[in-house]
Every structure is written in C-alpha cells, then in structure tokens.
Amino acid sequence: MVPTNLYRTRHEFFNIPMQLPKAPKFIVGLDAGYSGMKVWYERGYFCFPSFVKELTDESLNLFDEKDILYRDNDTGKTYMLGYTAQEMVESGDTNETDSETYDRKRYWNPKFQILCKAAIGLAIMSREKEDKRPIFLETGLPASYLKADSSAMKESLTKPFNFSLKKGNKPWVNINLQITSENIHLMAQPAGALYSALIGKDAKYSADTKKLLFGKTLVADFGGGTADFYGIKNRRIVCCESLLNIGSGEILKRVSKLIMDEYGEDIRSQALQHNLETGYIICLNEETMEQESKPIGELVKQASHEVFLEAMMRSRSITNTFRDYETLIVAGGTGEAWFEDIQQYLAGMKTLQILPSNINATDVPFLYSVARGYYQFRYMSMAK
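Numbering follows the UniProt record's numbering, with no gaps: position 12 of the sequence shown is 12.
Think of the hints as simulated: they come from the structure by calculation, not from any bench.
One or more of the hints may lead you astray.
What the hints assert, rightly or not - Listed below are the simulated DSBU-like cross-link pairs for lysine-lysine, each with C-alpha atoms no more than 35 Å apart in a straight line:
1. K253 / K66
2. K159 / K105
3. K384 / K216
4. K350 / K201
5. K350 / K233
To be verified - Pair by pair, the computed Cβ-Cβ distance ranges are:
6. E287 / M260: 16 to 26 Å
7. S126 / E326: 33 to 43 Å
8. D363 / S126: 13 to 23 Å
9. K66 / T321: 36 to 46 Å
10. D363 / L62: 30 to 40 Å
11. K129 / E262: 53 to 63 Å
12. E290 / L20: 57 to 67 Å
13. L62 / E326: 50 to 60 Å
14. D202 / L355: 15 to 25 Å
15. M18 / S206: 41 to 51 Å
16. N174 / T321: 25 to 35 Å
17. N61 / S206: 47 to 57 Å
18. G348 / M382: 36 to 46 Å
19. T209 / M260: 17 to 27 Å
All values derive from a computational prediction rather than experimental measurement.
Virtual Cβ for every residue (Gly too), placed ideally from N, Cα, C.
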C-alpha cells in the first residue's frame, strides 16, 4: 500500500533540551512554506499546516490537543490554524481554494500574517517570564523572489503584534510585541538548507564544509509550492532559481483531478489532507444512497511520479543537466519523499555525490532543514 500520509502536511511539536549557551537574542528560524509553517528555536522545533479558518459564534467551545487558536485582540476575531483547520474543510467545499495559499505576493494577506505571527508566537511562548531578550527573526524566500520581495516580506513582519494564542487545552497567552527591521534577516530558502548541512549540533562548521563551499555544490529544495535551487562553485553563487508548480501542492492538484476522473468525486486539495491520512475517500451514490470506500494510494503514486519526472526535466534545464556539480544536497518535505527516486534517476552520474539535507541532524526530517539552517546560521553569527 502506498503511504499516502507522507504527503499530508505535518502537525507536530518537539521540545529539545538546550544544548548550547543562550544567544544574546531569542532567535526564531521561520520557514514560512506554502504548505506548512516550520520553526526552529532554542527549545525545539515544530510544523503546522499553512491553513487558517475563521471561527463563527456557532463554533463549539470544545478543544483538542491539536488545536491552535489565534485571537486578534484588535478585531476580536478568532481563527483555527493548522491540522484542525484542515479537518474543518468538507470534501465538497469549493470555497477553500489554493490561490491564496500559493500566491507569491501573499505578504499582506491577513491569513499569511496570522500564520507568521502564530508561528513566531508559539516559539516565544517557551521563554521564561524573566527572559527579556529581543526577538531576532531569521527567515527567507524562494531563491528567485529574494531580491524583489525581501523588503515587502520584512515590512509585513515589523508591524506590531497584538494577539492571543491557545495551544490545545492550555490557557490563552497574550502576545504583544514588535520586531524591529534590524532584527529581521532574510536569505534564499535553499541557503538555509545549505547551512543546515554545513553546521553541526555544536554550532560549528562540519569537517566537510570546506569541500562543499570551495567545491561545486547544488542545493535542491523541493517543497510545497516551488522547487528552489542554489548552486555554488568555489564560493561563488552560480545558480539561484525557483521552479513554480513543482512540489506537494502540484501533486495534490493532480490527485484531485485523478479522483474526479476515476471516481467522479470533486475533492479540492485542501480537503484532501484528511484522505491522505487515511489513504481512502468515501464515494456516495446519491441515487441508491450507498457509500463505498475507495483507495487513493495508486493515484497519489501516479501524480507524484508525474510531477517528479517534470521536476527532473526542468531541473536539468536550469542546472545545465547537473553538469560539473560534485555534490547535490536534497531538501524539503517533497525532496524527502522523492529522495530514493532522485538517487535512482541520477545513478549514472558517478562523480555526483547526493546528500540529504539533514546530514547533521539525521533524526530530524528534511522539511526542517531550512528552518534549522536559518537558526544555526544566526546563532553562529551572533557568537562571533
């Protein structure tokens, strides 16, 4: 059976004991992905789906451990985020589209603002009350967008925060702060994955750093909305490109179409998340009022393979067919799902070494590598 749950956006929180001295500022490494919000900070790391659902007065006042509730203290509106918000979408709901989720110019979109603020808030909630260190946000953008969009992204994150968060059954926590522009830095997203592959758990460069930076290294970050490439040859950036419609978002769009063609059921991408967890959809014969469970594993496999082959062909065109590169670092949640396929596809390139982006944290999934790299880079920079 095809493990369809690999394609569901993770909703998970991990606490880790502090292994390093505190930095002079409280660093938040935020990878604001199209499908998931990934965060790395000094006390742990987490991910939740990039999905927001406004709650109405009719919503039941009952809470589950996976709930993330966001209350805007200026408007009084309350929103559900992440896993539970996705579960609230019905299979036939056509109001929830992907246009906002995967829009490049989303920086001033209220839902994107909520997701970023909540992600930062969930990290800083771990601080002791007496910890008055300023917040430093290390984040990034798809490689091709960095130069043009950095100012808009940074400006959107410097607005005052005035909201409350509730995680699971825990009490509400008020968040009231403002991050100054000098405490926000952006880099290309695949650069975060590169730093994660270069920096060990001790916040020092690994033994392979010189080889990777002075050699010919390509980072390929396959995420939810884009595939991002970051090529270095002898410390010089020679490739900084993004491919649209490559990743888990495109896979789910195709799965939706295949489900319609195969079973006649119209299930949009956002509503598919629940089905990815179970591996099945429920088909209803409206004439006989009979229900039948149908597997979607093979449809997910087919869609993923189609997008994978397109990703490889398009990757070849912007990397000169991977020519002259000595090392390929694969990052991203989709990159992890495709890792063995990538190895097989490039098996004939005998001089190309293929590495996972979590090489310095093998117990941590690929999708956290960018956020981890953001954090480790900033921590090392402050320690100098």
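Check: Among all the numbered hints in the text so far, which are the ones the structure does not match?
Finding: 15, 16 and 19
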